[in-house]
Amino acid sequence: MKILVCISKVPDTTAKIAFSNPTTYDENGVTFIINPYDEWYALVRALELKETLGGTVVVASVGGADYEPIIRKALAIGADEGVRIDAPESDAFAVAKELSEYAKSNAFDLILCGKETIQYNGGIVPGMVAEMLNLPYVFGASKLELKDNKVVLEREIATGIEVFESSLPMVVSAAKGMAEQRIPNMRGIMAARTKPLAVVASCGASSATEVKQFDMPPAKAGCKMIPADQAASLIQLLHEEAKVI
Amino acid sequence: MKTLVFVENNNGKATKAGLEAASYALAMHGGNAENITAIIFGEIQGDAGLGEVGIHQAVLVSGQHNSLSMADKIQSWMDANQGQLLVCSHDNVGKEIAPRIAIRSGASLISGATQMASVGNGVVVKRNVFSGKAIAEVASKNNKVVLTVLPNSFGVKKIGGSCSVSAESASGNDQVKLIEVKGNHDDAGIPLPEADIVVSGGRGMKGPEHWSPIEELAKELGAATACSRPVSDIGWRPHHEHVGQTGIAIRPNLYIAVGISGAIQHLAGVNGSKVIVVINKDAEAPFFKAADYGIVGDAFEVLPQIIAAAKQFNASK
Chain A
1 MKILVCISKV PDTTAKIAFS NPTTYDENGV TFIINPYDEW YALVRALELK
51 ETLGGTVVVA SVGGADYEPI IRKALAIGAD EGVRIDAPES DAFAVAKELS
101 EYAKSNAFDL ILCGKETIQY NGGIVPGMVA EMLNLPYVFG ASKLELKDNK
151 VVLEREIATG IEVFESSLPM VVSAAKGMAE QRIPNMRGIM AARTKPLAVV
201 ASCGASSATE VKQFDMPPAK AGCKMIPADQ AASLIQLLHE EAKVI
Chain B
1 MKTLVFVENN NGKATKAGLE AASYALAMHG GNAENITAII FGEIQGDAGL
51 GEVGIHQAVL VSGQHNSLSM ADKIQSWMDA NQGQLLVCSH DNVGKEIAPR
101 IAIRSGASLI SGATQMASVG NGVVVKRNVF SGKAIAEVAS KNNKVVLTVL
151 PNSFGVKKIG GSCSVSAESA SGNDQVKLIE VKGNHDDAGI PLPEADIVVS
201 GGRGMKGPEH WSPIEELAKE LGAATACSRP VSDIGWRPHH EHVGQTGIAI
251 RPNLYIAVGI SGAIQHLAGV NGSKVIVVIN KDAEAPFFKA ADYGIVGDAF
301 EVLPQIIAAA KQFNASK
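The listed protein sequences correspond, in order, to chains A and B. Each residue of the first sequence is one higher than the one before, counting from 1 in my numbering. Each residue of the second sequence is one higher than the one before, counting from 1 in my numbering.
In isolation and in its complexed conformation, chain A is listed as follows (with noise of 0.2 Å):
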């Protein structure tokens, strides 16, 4: 079993958001992370498949040198390799064509992603990665499990959960139930600075969409604070003046 995990660096949950110009965000003082879904979800289910069948885990990341970090902390928590295709994460269909041309060239059973990014909350990477690998695809999965070389994933949707069953090789994105969040060890650590990273070359993929402006969101008018024993009358605010029910 060969399973490719695509991974994205995100600022951290907390990290202050600002923008430096219109178009560019403010990384200064940030601390990045790999995006979580793509971490708690896809690479810990990859691992536990690994761990169960055998196999080998790489992940891969389109971006600059400064990706390496979160590369080698997926390292750490337990993939065997590691990729960085050096290219500009410019936007979605650059960022998949850059990874479906590294998996075209490296047989895959099963190309697992997170369900969207933190950061741009796209959630389209790796659908357009399964059309240009012609696989089939689920998004969202929160259950994962290989039966009779089949792939059976369960999907939370609002009145229950879907049920499907794929050949493989496929791509799935993770959704929360998928696996839970691994913390590294010190053993882990250490091993992963010997694992290998391999940098691989552009292959020169073009942006499909450009982000014009960064804005913040408009500012809230403020808190109306009702005094806890006139809390009857929230319903007549909400009715009379914010006109929500």
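In silico negatives: residues of chain B with every beta carbon more than 12 Å from chain A:
{"no.": "1", "residue": "G12"}
{"no.": "2", "residue": "H29"}
{"no.": "3", "residue": "N32"}
{"no.": "4", "residue": "E43"}
{"no.": "5", "residue": "V59"}
{"no.": "6", "residue": "S76"}
{"no.": "7", "residue": "N81"}
{"no.": "8", "residue": "Q84"}
{"no.": "9", "residue": "M116"}
{"no.": "10", "residue": "V119"}
{"no.": "11", "residue": "F154"}
{"no.": "12", "residue": "S164"}
{"no.": "13", "residue": "A170"}
{"no.": "14", "residue": "E209"}
The list that follows gives simulated cross-link-like pairs (lysine to aspartate or glutamate, EDC-like), each with its CA atoms no further than 16 Å apart:
{"no.": "15", "chain 1": "B", "residue 1": "K141", "chain 2": "A", "residue 2": "E210"}
{"no.": "16", "chain 1": "B", "residue 1": "K177", "chain 2": "A", "residue 2": "E162"}
{"no.": "17", "chain 1": "B", "residue 1": "K274", "chain 2": "A", "residue 2": "E241"}
Everything labelled a hint here was simulated from the structure, so no lab data went into it. C-beta atoms are modelled at their ideal positions from N, C-alpha and C, and glycine is treated no differently.
The hints should help you fit chain B onto chain A, whose structure is shown.
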């Protein structure tokens, strides 16, 4: 610009998210439906509700379909009709179909639109980034465009009218099979992602046995119930109720948070709500900074007053 809207079918009716995509496409065309066609798969009742949102023509594709066979049919429509724009919802199925069409047609895909697109030299649209903490204005570079619309952002605009439905067929695909739907969630409840009003409880509720005021208020307001991450992690409430960064993101008109401090991860899942009410006994809870209305007090004293007022309000309607 010749436009196709993909509308998901739920038991014969268009989903709310699908109708929102239709309303969005119509608004992009300045209310003129002439160049818009909707596509829906399976069996429908009447026009599935498409006429009411101002769509005049729809293609109904019979049979069992997964996102692969739907993408095949959508692409063949786009090719046969010189389609330049596909609009669909940024939901599970939309996120499987949109990337395929974008790659096959050489279109720019902009996902998760939260505001109306402007069409001129390409399409420019605003979307949330950094989990709602910032907004990006994104422009297409290619002539063809695929747009996914974030559910509960634009709303369904009911304007009335009729829609003529032409039936077509297409072959299915069995690479990915839906083998079962486990309807294990509370059938009586309102699906959380579609709810206009959500009442949510956190650790401040002190235990699963104290959830009845949350459920009662939700019932009076016609709301769905939700919870914070710690509450689902310790098993007080089911996982599908968890809203936040790693659970689901919701954008209701009204979000009432009871006993939730408002950690940044929780805010990331609810900051698209139009009006936020926070009830917390800690006046320093960070959630008040993101709220429109706040009550500092004990949930078990405050909620009964609000429930009584909601009952009175319902009786007077």
